[in-house]
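Could you slot chains F, X and P onto chain R? The hints should help.
There are 4 protein chains.
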Amino acid sequence: MKTKKVAVIGASGYSGEVLVQLLLNHPHAELVVVTSRQNAGQTLAQVFPKFASHPKSKIIRFSEPNAEVLAKQADVIFLALPHGVAAEYAVPLLNAGCVVIDLSADFRLKNSETYKEFYAHDHPAPDLLKKSAYGLPEIYRDEIKKSLLIASPGCYPTSILLPIIPLLKTGIVKPTGIIADSLSGVSGAGRKAETDYLFCECNESVRPYGVPKHRHLSEIEEQLSLAANTQVTIQFTPHLIPVNRGILTTLYLAPEKHFSTATEMNSLNEKISACYARAYGNEPFVRLLDGKNLPDTKNVVGTNIIEIAWRLDARTGRLVVMSAEDNLVKGASGQAVQSMNVLCGWPETAGLI
Amino acid sequence: MKTKKVAVIGASGYSGEVLVQLLLNHPHAELVVVTSRQNAGQTLAQVFPKFASHPKSKIIRFSEPNAEVLAKQADVIFLALPHGVAAEYAVPLLNAGCVVIDLSADFRLKNSETYKEFYAHDHPAPDLLKKSAYGLPEIYRDEIKKSLLIASPGCYPTSILLPIIPLLKTGIVKPTGIIADSLSGVSGAGRKAETDYLFCECNESVRPYGVPKHRHLSEIEEQLSLAANTQVTIQFTPHLIPVNRGILTTLYLAPEKHFSTATEMNSLNEKISACYARAYGNEPFVRLLDGKNLPDTKNVVGTNIIEIAWRLDARTGRLVVMSAEDNLVKGASGQAVQSMNVLCGWPETAGLI
Amino acid sequence: MKTKKVAVIGASGYSGEVLVQLLLNHPHAELVVVTSRQNAGQTLAQVFPKFASHPKSKIIRFSEPNAEVLAKQADVIFLALPHGVAAEYAVPLLNAGCVVIDLSADFRLKNSETYKEFYAHDHPAPDLLKKSAYGLPEIYRDEIKKSLLIASPGCYPTSILLPIIPLLKTGIVKPTGIIADSLSGVSGAGRKAETDYLFCECNESVRPYGVPKHRHLSEIEEQLSLAANTQVTIQFTPHLIPVNRGILTTLYLAPEKHFSTATEMNSLNEKISACYARAYGNEPFVRLLDGKNLPDTKNVVGTNIIEIAWRLDARTGRLVVMSAEDNLVKGASGQAVQSMNVLCGWPETAGLI
Amino acid sequence: MKTKKVAVIGASGYSGEVLVQLLLNHPHAELVVVTSRQNAGQTLAQVFPKFASHPKSKIIRFSEPNAEVLAKQADVIFLALPHGVAAEYAVPLLNAGCVVIDLSADFRLKNSETYKEFYAHDHPAPDLLKKSAYGLPEIYRDEIKKSLLIASPGCYPTSILLPIIPLLKTGIVKPTGIIADSLSGVSGAGRKAETDYLFCECNESVRPYGVPKHRHLSEIEEQLSLAANTQVTIQFTPHLIPVNRGILTTLYLAPEKHFSTATEMNSLNEKISACYARAYGNEPFVRLLDGKNLPDTKNVVGTNIIEIAWRLDARTGRLVVMSAEDNLVKGASGQAVQSMNVLCGWPETAGLI
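For the record, the sequence lines run as chains R, F, X and P. Residues 54 to 406 (the numbering used here) make up the first sequence, in order. Residues 54 to 406 (the numbering used here) make up the second sequence, in order. Residues 54 to 406 (the numbering used here) make up the third sequence, in order. Residues 54 to 406 (the numbering used here) make up the fourth sequence, in order.
Certain hints may be false.
Copies of the same chain look alike in the list, so a pair counts if it fits in one copy or across any two.
Cut-off 25 Å, straight-line C-alpha distance, at most; resulting in silico cross-link-like pairs (BS3-like, lysine-lysine) [stated by the list, open to error]:
1) LYS310 to LYS266
2) LYS345 to LYS324
3) LYS57 to LYS125
4) LYS310 to LYS227
5) LYS227 to LYS266
6) LYS324 to LYS266
7) LYS109 to LYS345
8) LYS184 to LYS222
9) LYS198 to LYS163
10) LYS169 to LYS184
11) LYS345 to LYS169
12) LYS345 to LYS266
13) LYS109 to LYS57
14) LYS345 to LYS245
15) LYS111 to LYS345
16) LYS324 to LYS111
17) LYS58 to LYS109
Hint data in this document are derived by calculation from the structure and do not stem from the laboratory.
Extracted from the complex, chain R is given alone in its bound form (with noise of 0.2 Å):
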């Protein structure tokens, strides 16, 4: 298998970190640059000091961020930036015939009103907006085989996406009054200098934020939307916990079909059951619980696999979807790693297992 060069553009915060060191063991694609403004001149070793044993470590030094050199040097381009600025690079990397994989949200969503009502000013590029691929594999893994943009989803939205577009596809759950209660470790706030995310403010301690209306409303709605076919609002709450990496996230769905005897409960069971095994069963990064076990986020950090089970509640007539995490690997930098293993034709799991 031909090996690629790879480059991590804004490679100093939490997802780059993980980005790089996903990158340094791949087995086909080769780290051959990562730039930084603020660590421009340190090796890999001296900003991380916990990949200072890998070879690489000690040669590979960050540079400053340039669109025209970087197309040079590398066949795959990782943003790691924040929005409104990833756009400015990816498009003359775009058109010096790189692949562009960008973790950010400017290429996620395909409305641009949308994007300009969430982030708050207007789209830089909304041209590329229809050629990019949305980087969920499980879900558009053709779409990502053809596409040479590729949006790799928000932490938030992938844990809400996988356990509820499967069964809106199949019409099990309604699309309206969905409900995503949501649990995420402190590195989804960012590598920032920020009080509100020093040790003491953290610990100890649990908050609600950004209620009612965060950002990664826009992806997850248009991509609900999309799969049921038809316009879908939720609400959804992030909280904040003390632990380093891992999202939560609770799902609150109604069923279509009204059940309160056990046998229909049972019946409900079963198709909820073969509707996962169906989309995910071969799937080697959803991992459908059964038993009595739930998702705990420590049985899937440092991986990137997502944890999926349910309940229903003949009580309230409900069901109940729970997903856990790594919000810095499935839900950031291993996802966009899986994206480039599909892309590139190589076997989805290479690097990331």
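Then chains F, X and P, alone, in the frame of chain R:
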């Protein structure tokens, strides 16, 4: 003000420990007896080194619990015992004329059938159910004043009932479709030697449990039904998060009145604001948050305060209410002391601030 | 007892916050002014939501610090400012007749040369060094009573000095070869927006820092030298551990008297025990542990207490002494309030238990 | 390279779990048997949900440990059993021709009297003590290659021995007066259902324990004595800190050569640097830190790497050496796999990076 003698039965768990701490420093209650099978013979200072600087800690020794003896030693008896066991002690103590404040679930339900459904055994003293007051002073202050048996509420119920009851009573929200999503610190599981609650099993982990039918639903639904004057069934999902103390609850409610314009939303917001101000504006232990503030467990841990904030979501038509409390104080021992203060005619905040 | 008016200058950091909390609830001190450049204009309730239930929190507003104005408003002024800045305020306040209790390092050293060596700038007010009392009440109670300028000790120094000073004064241990190995919670680094103290950089991490010449060595060694009546130089290694509050210090000391037999060991043990009992037996804030108990920060966090335990090691001939304190209370603000109590002639424990 | 069949006896604790994880992904070892009394009959996927996505996890079932049967099934047997019990299995397995890699303390000491002194029972198989190799590959690579019984070192010993041994062997530091102050994550206590290790007892807590004579002293001192060629007795204080994994050790050493001038200090620094470079410059699992870097457990957790840094202190004349490792990997299971790699002639890093 006349001092009363108090005893804590089952003082070796986390609630018992907090009760002892509060009672050692209470201006009107004199802690005279603590019991614990496993610690019998030891002083408070030996069992709880953190109390060792209190002069009484080296004098008060744990004894074996014995209702007959206790009834002669103390006027007010706190039961910090498992459900089922608590009732066994309550009966003779009440007969002997003691005030009993029970922190277990034994006297929280008016309906002994519900008790059997959720606790899987016959209620040990169904006649007492009529005589007990549900120890939520903000709601049942008058009943508490007149009762000799207080059933102190559970930690989750407190975090759910205080925010919802005023809204249901005034008919601002519908009694249907209520969802309570709660996050609890590990002390909620008690000081039990089980591997599930070991540091390494809880740290860097988040997980739901008891889905979909947790025992606390029984008292939550009974109380909500009383407030709504109709049978209420809710969805409740508890999660375990890696903090010692604190419960954060997010409630999803449907306003009776539809709102979509800004004017309708403002008007509803004012109605809710007025409802809460009327219910809790003068309550020393309810903190209604305004402005951009959202509840955070770190602002209430170690206090008897519950924080409440809310947001209307024009996109979904829902009302999201959030609360934070210390599960061991407002959710257990602090609230029990608050009930004692009410019942004994002491200032309600005595020993609590 | 006559109430005094007190002010906290620089009340937005962690020590300032704890000072405010203690002073809001102090029986004899009336908090009248808090200052903070960044929070000027806001109320205590706005800056510290956790104080919002205190009646004064909505009245007291942060002001810009101004020594002239302050001197008219308050009798006792606490300075919770960076070193160098504190001295600038102290001079005019003392001239105006205020009592100044400084939590910075500015007046802790008698020797201005040592100050320059460790703090890298000339001492801003060397004449005041003679007039200040080192605010360790267990050691300098009489000096504190007579002084108008209290230099409240650092957090590490408190945890090291209280266990060692009595042993040095009685000649039980040698003044040479002393090693102090300390572990501190992250609040010790202050509420600074630096990436090093972000949750994800501290959680699941332990690391030494400031090796081998931490600034606190200056006051530790000056105080130990005074106690030993000879120049003392020690080894000190601070470590950062993932807790909010608490310092655990392990001290390695060489007894003057060699011990190898059980009899010699018992005799030395009794001597140490008597020495500590004499020094601290009646001190309300020093808890001498006996039996098998060892210090644990969780038993002192939130209190003004320091726990001390020791073990003789017949195998090595050494004495190992261990202490635990809350770095923000006994290590900072609680001790400052204790000094105020001493200086004002109030009960030493007022507002502290 | 020929694959070998391996078994893990006692695979339900934390070390066992990490061993299983490493062996499931090892390129040359094939995990064929795992045993555990309490989990017998269950699959790996059932006991460890985090392994459930590995194809083998649903095939491999825990069995009851039976030496006779095991000897037929596997070539290499890891014992993750309590001391005393391990030896019982080792004897028949060795007799049957298996390679035994023991993670307990049973074969770490050459002197059975020391074993009795520290473990309080007679050694169950003293004859085997001569045949075992101490499984610290950086020191005993040749012995490991030739032995069929590997005594894998304890977690604290690894963190202490690797930094000190080269210094003692070259005579750079004195063999007297050594102090080791260690901080360990809670997984070091094992997956035991004891209240001391509950989340709420460890979180927001730091405490020393086992002072002054922890069992690990026996192997530490035996190994240091061998390196120094004289009897070495050290001071060792372990502390429990609230992290899942990681040991940080701070060592206080006395250089043989006095240094006071800058020139003497530089010269000694170079000597130490050269000593470590010679000992570990080519070791894949020892990371010598340079510049201002100090060890941090977060940089090694999840890896088989030990970080080492040092500082000379001209003020005290001491050498302070600090190390960081993952107690379950380099301090236990990773090191055991490293020994297997050496013994089997595989690349030493196989399955470990």
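Now for the hints, and whether the structure bears them out:
no.	hint	result
1	LYS310 to LYS266	between (30 Å within a copy, 21 Å between copies)
2	LYS345 to LYS324	within (18 Å within a copy, 43 Å between copies)
3	LYS57 to LYS125	within (13 Å within a copy, 46 Å between copies)
4	LYS310 to LYS227	both (9 Å within a copy, 23 Å between copies)
5	LYS227 to LYS266	both (21 Å within a copy, 23 Å between copies)
6	LYS324 to LYS266	between (33 Å within a copy, 22 Å between copies)
7	LYS109 to LYS345	between (44 Å within a copy, 21 Å between copies)
8	LYS184 to LYS222	within (23 Å within a copy, 54 Å between copies)
9	LYS198 to LYS163	within (18 Å within a copy, 61 Å between copies)
10	LYS169 to LYS184	within (19 Å within a copy, 60 Å between copies)
11	LYS345 to LYS169	between (44 Å within a copy, 23 Å between copies)
12	LYS345 to LYS266	between (34 Å within a copy, 13 Å between copies)
13	LYS109 to LYS57	within (16 Å within a copy, 31 Å between copies)
14	LYS345 to LYS245	between (39 Å within a copy, 21 Å between copies)
15	LYS111 to LYS345	between (47 Å within a copy, 16 Å between copies)
16	LYS324 to LYS111	between (54 Å within a copy, 24 Å between copies)
17	LYS58 to LYS109	within (14 Å within a copy, 33 Å between copies)
No hint from the list above goes unmet by this structure.
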